[in-house]
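S.K.: Taken in sequence, the protein lines are chains A and B. The numbers in the numbering used here rise by one with no breaks, and the one at position 199 of the first sequence is 199. One rule links them: number in the numbering used here = place in the second sequence (from 1) + 208.
Check each hint, because a few of them may be wrong.
Stated by the list, open to error - Capping the alpha-carbon separation at 25 Å, the derived lysine to any residue pairs in SDA-like fashion look like this: (1) A:K91 / B:A294; (2) A:K91 / B:K228; (3) A:K92 / B:A294; (4) A:K16 / B:H230; (5) A:K91 / B:V276; (6) A:K91 / B:H230; (7) A:K22 / B:G256; (8) B:K228 / A:L74; (9) A:K16 / B:E286; (10) A:K175 / B:F287; (11) A:K24 / B:F261; (12) A:K22 / B:A294; (13) B:K283 / A:D12; (14) A:K22 / B:H279; (15) B:K283 / A:P11; (16) A:K95 / B:V276; (17) A:K22 / B:V246; (18) B:K228 / A:H90; (19) A:K22 / B:V276; (20) A:K22 / B:K283; (21) B:K283 / A:Y182.
Calculated from the structure, these hints are not laboratory results.
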Amino acid sequence: MATHHANAVLPDEPEKATLEGKNKILGFWLFLGGETVLFGSLFATFIALRDQVNGGPTGQELFELPLVASATLLLLTSSMTAVMATQALHKKNLKQIQVWLTITVLLGLGFLGLEIYEFTHYVHEGHKISSSAFGSAFYTLVGFHGGHVAFGILWIILLQVSATKKGLTVVTAPKFYLASLYWHFIDVVWVFIFTVVYLMGMIGGKVG
Amino acid sequence: MGAHAEEGVRKPKVKHDGPKRHVVAFIGSLVLTALAFVAVAYDVIPSGFTVPFIIVLAFVQALFQLFVWMHMDQKGHEFARISIFAGLFVILMVVIVFVLWVWI
Numbered sequence: 001m002a003t004h005h006a007n008a009v010l011p012d013e014p015e016k017a018t019l020e021g022k023n024k025i026l027g028f029w030l031f032l033g034g035e036t037v038l039f040g041s042l043f044a045t046f047i048a049l050r051d052q053v054n055g056g057p058t059g060q061e062l063f064e065l066p067l068v069a070s071a072t073l074l075l076l077t078s079s080m081t082a083v084m085a086t087q088a089l090h091k092k093n094l095k096q097i098q099v100w101l102t103i104t105v106l107l108g109l110g111f112l113g114l115e116i117y118e119f120t121h122y123v124h125e126g127h128k129i130s131s132s133a134f135g136s137a138f139y140t141l142v143g144f145h146g147g148h149v150a151f152g153i154l155w156i157i158l159l160q161v162s163a164t165k166k167g168l169t170v171v172t173a174p175k176f177y178l179a180s181l182y183w184h185f186i187d188v189v190w191v192f193i194f195t196v197v198y199l200m201g202m203i204g205g206k207v208g
Numbered sequence: 209m210g211a212h213a214e215e216g217v218r219k220p221k222v223k224h225d226g227p228k229r230h231v232v233a234f235i236g237s238l239v240l241t242a243l244a245f246v247a248v249a250y251d252v253i254p255s256g257f258t259v260p261f262i263i264v265l266a267f268v269q270a271l272f273q274l275f276v277w278m279h280m281d282q283k284g285h286e287f288a289r290i291s292i293f294a295g296l297f298v299i300l301m302v303v304i305v306f307v308l309w310v311w312i
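Given the sequences, and given the hints that come with them, work out the whole structure.
M.R.: Rendered as structure tokens:
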């Protein structure tokens, strides 16, 4: 009986219904603040070292805008579908949450696939993590972001699996909300990566 | 058991404005991204202005997503704002120091 009415008694904004849920969200924002600093230091290192190519290929010679644009489109759309999952969470509709998160995961996998293709292509062109300061800074920054994407995909898949057993409750709702926040944060970081690494890399030569 | 009769029919306490503003944020992000790519791919603006232009676009898009998609515009997110803006402050310091000071 209690499980049958579980959805009817689920409060509005179930992710903030318990103190534990509220604390999780609070703690997660602190974590995101730390992540900001982590990526910021990687960005600062990359900006400072991006011209030190050590005789290897420059960003302008390596980067291809259509590839970066496709990766950007995939990740931006996946952030949109993650927001739709949160909307479904507020409607307390687990089925919709699962559908939107599945699309998010698929788009994320597409993004990762493009990134893996891109990295192997660069290595063949002689742009390696050990070949120059530019290479080290590039792979550390972009690779760290790709690692975050991979972790996010794994996290969301595990959440989806556990939700098929546990359903949507005040315990599982904060987890969905946080996974969605994390995914948006990854997209925000990517906005700066495509701007600073790729677009600024393309015009590096023009500004001199 | 614990479910009261009025619980099932009560009106939602929290109003959600639905997916509209999120779709607007998505289209806004798409437009800002497209602008940045076009500005770099085709020489539509003077080359000296391109870098500041795309950086401003990136910040606008990031704030868009932080405030709309990550709900930082809603109340109860004071701590989130402190967290993110403190992080941004540290980033700006590090970028300025690294670029202007360390590796000249």
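S.K.: Enumerate the violated hints, using their earlier numbering and listing them in ascending order.
M.R.: 1, 3, 7, 11, 17
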